[in-house]
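Take the given structure of chain A and dock chains B, C, D, E, F, G, H, I and J to it, following the hints.
10 protein chains.
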Amino acid sequence: MLFLAEMEVRLPPDMPAEHADELKAREREYSQAAQRDGRWPHLWRVAGRYANVSVLDVGSIDELHELLSGLPLFPYLDIRVTPLARHPNAIDRGESDV
Amino acid sequence: MLFLAEMEVRLPPDMPAEHADELKAREREYSQAAQRDGRWPHLWRVAGRYANVSVLDVGSIDELHELLSGLPLFPYLDIRVTPLARHPNAIDRGESDV
Amino acid sequence: MLFLAEMEVRLPPDMPAEHADELKAREREYSQAAQRDGRWPHLWRVAGRYANVSVLDVGSIDELHELLSGLPLFPYLDIRVTPLARHPNAIDRGESDV
Amino acid sequence: MLFLAEMEVRLPPDMPAEHADELKAREREYSQAAQRDGRWPHLWRVAGRYANVSVLDVGSIDELHELLSGLPLFPYLDIRVTPLARHPNAIDRGESDV
Amino acid sequence: MLFLAEMEVRLPPDMPAEHADELKAREREYSQAAQRDGRWPHLWRVAGRYANVSVLDVGSIDELHELLSGLPLFPYLDIRVTPLARHPNAIDRGESDV
Amino acid sequence: MLFLAEMEVRLPPDMPAEHADELKAREREYSQAAQRDGRWPHLWRVAGRYANVSVLDVGSIDELHELLSGLPLFPYLDIRVTPLARHPNAIDRGESDV
Amino acid sequence: MLFLAEMEVRLPPDMPAEHADELKAREREYSQAAQRDGRWPHLWRVAGRYANVSVLDVGSIDELHELLSGLPLFPYLDIRVTPLARHPNAIDRGESDV
Amino acid sequence: MLFLAEMEVRLPPDMPAEHADELKAREREYSQAAQRDGRWPHLWRVAGRYANVSVLDVGSIDELHELLSGLPLFPYLDIRVTPLARHPNAIDRGESDV
Amino acid sequence: MLFLAEMEVRLPPDMPAEHADELKAREREYSQAAQRDGRWPHLWRVAGRYANVSVLDVGSIDELHELLSGLPLFPYLDIRVTPLARHPNAIDRGESDV
Amino acid sequence: MLFLAEMEVRLPPDMPAEHADELKAREREYSQAAQRDGRWPHLWRVAGRYANVSVLDVGSIDELHELLSGLPLFPYLDIRVTPLARHPNAIDRGESDV
Numbered sequence: 001m002l003f004l005a006e007m008e009v010r011l012p013p014d015m016p017a018e019h020a021d022e023l024k025a026r027e028r029e030y031s032q033a034a035q036r037d038g039r040w041p042h043l044w045r046v047a048g049r050y051a052n053v054s055v056l057d058v059g060s061i062d063e064l065h066e067l068l069s070g071l072p073l074f075p076y077l078d079i080r081v082t083p084l085a086r087h088p089n090a091i092d093r094g095e096s097d098v
Numbered sequence: 001m002l003f004l005a006e007m008e009v010r011l012p013p014d015m016p017a018e019h020a021d022e023l024k025a026r027e028r029e030y031s032q033a034a035q036r037d038g039r040w041p042h043l044w045r046v047a048g049r050y051a052n053v054s055v056l057d058v059g060s061i062d063e064l065h066e067l068l069s070g071l072p073l074f075p076y077l078d079i080r081v082t083p084l085a086r087h088p089n090a091i092d093r094g095e096s097d098v
Numbered sequence: 001m002l003f004l005a006e007m008e009v010r011l012p013p014d015m016p017a018e019h020a021d022e023l024k025a026r027e028r029e030y031s032q033a034a035q036r037d038g039r040w041p042h043l044w045r046v047a048g049r050y051a052n053v054s055v056l057d058v059g060s061i062d063e064l065h066e067l068l069s070g071l072p073l074f075p076y077l078d079i080r081v082t083p084l085a086r087h088p089n090a091i092d093r094g095e096s097d098v
Numbered sequence: 001m002l003f004l005a006e007m008e009v010r011l012p013p014d015m016p017a018e019h020a021d022e023l024k025a026r027e028r029e030y031s032q033a034a035q036r037d038g039r040w041p042h043l044w045r046v047a048g049r050y051a052n053v054s055v056l057d058v059g060s061i062d063e064l065h066e067l068l069s070g071l072p073l074f075p076y077l078d079i080r081v082t083p084l085a086r087h088p089n090a091i092d093r094g095e096s097d098v
Numbered sequence: 001m002l003f004l005a006e007m008e009v010r011l012p013p014d015m016p017a018e019h020a021d022e023l024k025a026r027e028r029e030y031s032q033a034a035q036r037d038g039r040w041p042h043l044w045r046v047a048g049r050y051a052n053v054s055v056l057d058v059g060s061i062d063e064l065h066e067l068l069s070g071l072p073l074f075p076y077l078d079i080r081v082t083p084l085a086r087h088p089n090a091i092d093r094g095e096s097d098v
Numbered sequence: 001m002l003f004l005a006e007m008e009v010r011l012p013p014d015m016p017a018e019h020a021d022e023l024k025a026r027e028r029e030y031s032q033a034a035q036r037d038g039r040w041p042h043l044w045r046v047a048g049r050y051a052n053v054s055v056l057d058v059g060s061i062d063e064l065h066e067l068l069s070g071l072p073l074f075p076y077l078d079i080r081v082t083p084l085a086r087h088p089n090a091i092d093r094g095e096s097d098v
Numbered sequence: 001m002l003f004l005a006e007m008e009v010r011l012p013p014d015m016p017a018e019h020a021d022e023l024k025a026r027e028r029e030y031s032q033a034a035q036r037d038g039r040w041p042h043l044w045r046v047a048g049r050y051a052n053v054s055v056l057d058v059g060s061i062d063e064l065h066e067l068l069s070g071l072p073l074f075p076y077l078d079i080r081v082t083p084l085a086r087h088p089n090a091i092d093r094g095e096s097d098v
Numbered sequence: 001m002l003f004l005a006e007m008e009v010r011l012p013p014d015m016p017a018e019h020a021d022e023l024k025a026r027e028r029e030y031s032q033a034a035q036r037d038g039r040w041p042h043l044w045r046v047a048g049r050y051a052n053v054s055v056l057d058v059g060s061i062d063e064l065h066e067l068l069s070g071l072p073l074f075p076y077l078d079i080r081v082t083p084l085a086r087h088p089n090a091i092d093r094g095e096s097d098v
Numbered sequence: 001m002l003f004l005a006e007m008e009v010r011l012p013p014d015m016p017a018e019h020a021d022e023l024k025a026r027e028r029e030y031s032q033a034a035q036r037d038g039r040w041p042h043l044w045r046v047a048g049r050y051a052n053v054s055v056l057d058v059g060s061i062d063e064l065h066e067l068l069s070g071l072p073l074f075p076y077l078d079i080r081v082t083p084l085a086r087h088p089n090a091i092d093r094g095e096s097d098v
Numbered sequence: 001m002l003f004l005a006e007m008e009v010r011l012p013p014d015m016p017a018e019h020a021d022e023l024k025a026r027e028r029e030y031s032q033a034a035q036r037d038g039r040w041p042h043l044w045r046v047a048g049r050y051a052n053v054s055v056l057d058v059g060s061i062d063e064l065h066e067l068l069s070g071l072p073l074f075p076y077l078d079i080r081v082t083p084l085a086r087h088p089n090a091i092d093r094g095e096s097d098v
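Protein chains in written order, with UniProt numbering: chain A, 1 to 98; chain B, 1 to 98; chain C, 1 to 98; chain D, 1 to 98; chain E, 1 to 98; chain F, 1 to 98; chain G, 1 to 98; chain H, 1 to 98; chain I, 1 to 98; chain J, 1 to 98.
Isolated chain A (complex conformation) (with noise of 0.2 Å):
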């Protein structure tokens, strides 16, 4: 099942930089790793802004919202969530719909 999320860092300006280093090396496994298991099937940077659009591959809402709210950087998103249904144009690709 999937949705599309588009999120927005706003870290706080006054943030050591050492605690927003070690968060974004947190994020960055806490994201690889759902990338590898399947539930983050694809993440781009949205160009000239700090923020992303992904999206997420998951079994339920309460796992979507698992998965993000558990994102080392959370506490600073902005995220929006749109479900995504299956398009009747769209092709079949011999694969999953993902």
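Mixed in with the good hints there might be a few duds.
[Unchecked claim] Okay, the calculated beta carbon distance ranges per label pair: (1) H:Ala17 x F:Arg86: 43 to 51 Å; (2) A:Arg39 x H:Pro16: 24 to 32 Å; (3) I:Asp21 x J:Lys24: 22 to 30 Å; (4) A:Asp37 x C:Pro12: 25 to 33 Å.
Hints were generated in silico from the structure; no laboratory data involved.
Glycine included, every Cβ here is placed at the ideal spot set by N, Cα and C.
Below, chains B, C, D, E, F, G, H, I and J without anything else, positioned relative to chain A:
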């Protein structure tokens, strides 16, 4: 080169059903041709709306506009385009970054 | 799996009354069937507007879109969907979490 | 009498963790008490956000404001309230219309 | 129980003048009846707009919606409703709190 | 001459409680004086928000601004003002049109 | 007493040219009469839009609404009104504060 | 003197194709004349939209409005104008600052 | 050449009162000098807000930006600029079109 | 390949002046280098705002993001990017289409 395109369809309420059907049939063909030749790698329906979320893969902005403005439904679409860069946390999936 | 759906109805002002009445009658039947089979557990009118707030209980996003796009009034609805997760402070009400 | 309340939590980024934890613990107690006594029949988490969608059942607007402004997190909440009327298509569920 | 209602009138530009006049005459009667029976204690024109600001005094949300949706101009109104509670700084004016 | 004023209070989260309390006490006095002398005929709380809806009755725009900018909480208020004219459908209530 | 009025003109695209011309001619006369009698001290065109920025000088809000709602183009105008007070830094220009 | 103009084209869906074509042909001529005489130094298409981003070089605001309001498509354009000043970091390109 | 400038002042809540007072005193001087030399023909307070509506009369956009960015409060101002052209219905007032 | 970038600068009000000055000096150097090597063909100041309108000429979206995110002021910028295609009405200016 990837672009997110969010498309909202707004058909005039008094468009004759046959005309709408014909446009939609042509839209389907056009869209599926672009999916097959690799320019339209992702196409999802926004749940609850006559709208889609798409990822397009083109060689230039001119090619992007040509692809979008050629859509049979283009006069009735409200399209917002977001250029997508590679995300530093994205893992290498052993294929294109689509 | 629960989704909040906020629906605004926008009938064209020149729609003949009989056509509107027929659509509304079919909408009523469709909506009540979905309420009875458990997919539409809550339906409220927004005071002062031709609009509703609904909670839908479906097994997948595709089922959600099928349910919503099948509404007889769908071409005239502006629907915003919000996925709802279980809240950590919600008490167990001894029944489903609807 | 039912009201939809959409609540967004915005804690100051520099609030000490212990203070936040204490507020959240009191919020939990307060919210669960209101759920148990019937004034807060529905409470859901908005997926991906530190936010909730609630339905409140109160005898008057004054009681509604008293309930909401008594929330321990109230100074950090952005709350939008929508009054809900009975929908003419709603079926009788053999209990209150909550 | 008081509600602020901000109403914007949007008549279709091609509505025949006689039809508009008839609707407005019925609106006037309806509105004045509700003013006289106490359900519509305040009615002001927004300067420069075909719009009004109203305060309504009703016993329930259902009664509020019944009152508003019964307006002859209702299909052409965009109404935003705000529930009003007693303000702690409001003085006792020796009459109802309207 | 009547103006609708919608006021939202935004106190800085780090304002010391005593300072806030002192401001609120002065606000109360100031507001009640203006209610008593007739310049502030209506004051309601917006349910669920630290906000109010007011109707002010002043002799000029300068007097309106003087009244509002004199509020002890003025530096923390976001105020939107709407000039109110007599509505042609308003009935004569045998007193001022407030 | 001064009010800023920002007016946007939205003529229906299918209004016959003669009707539009006649409305515009009457608008011109009406506007120039109000300019001459001092109620409309400033009238500017917003560059690139069928819109104007005006300053109106009236004795009351009722007079303001009468002036604006009497505009021949009023049914096609979207008007936003802002009440203007004397600015403490404004110098005395040896005439009215217009 | 430079102005950014962002123009969105909104043709009525029921405009006859020949009329639209004729307007577009005249628009093309008009636009190219202004490009050639130096008043319209930049003209780009917004990818995915029937819209453009333009930079105009005129001697006065009146000339700007004359240029824009003379566009054959002007009645169907939504134009937002932004005045552009020289940027202190801009390098001297050995020609005009266009 | 005239520009409408709508300025909103947003002083940080923790700015020391003396610093604010000194900035405001310099703002007053600066503004009055520009009023006297003709570059700032109109300055009004927006009723109920720490904001103003101004009309500026300058020879170029660069001069406009120099004037505005030189304001002592400039770092705390949110300014929206609208270029004003002569309105075809404006009467000749026997002086400049300010 | 051209992109419009609209950048708004939002420095924290408590940033020490020396730090701001140093950032601005580096921003100037960085920006001028990109102007000289052709990646930043246009840079204008938005009159009345600490903001700019830029046109960037890059070979890919990744290069665009690298250029923008490398700006010394990037953490304090709010950037909106619009991809620009060739306009069918644009004349050939005998050089690049910048």
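Quick rundown of the hints versus the structure:
At roughly 50 Å, the beta carbons of H:Ala17 and F:Arg86 sit within the given window of 43 to 51 Å. For A:Arg39 and H:Pro16, the hinted distance range of 24 to 32 Å is not satisfied, since their beta carbons lie about 52 Å from each other. Distance hint check: the CB atoms of I:Asp21 and J:Lys24 are about 27 Å apart, consistent with the given range 22 to 30 Å. Restraint check, A:Asp37 to C:Pro12: a C-beta distance of roughly 49 Å breaks the suggested window 25 to 33 Å.
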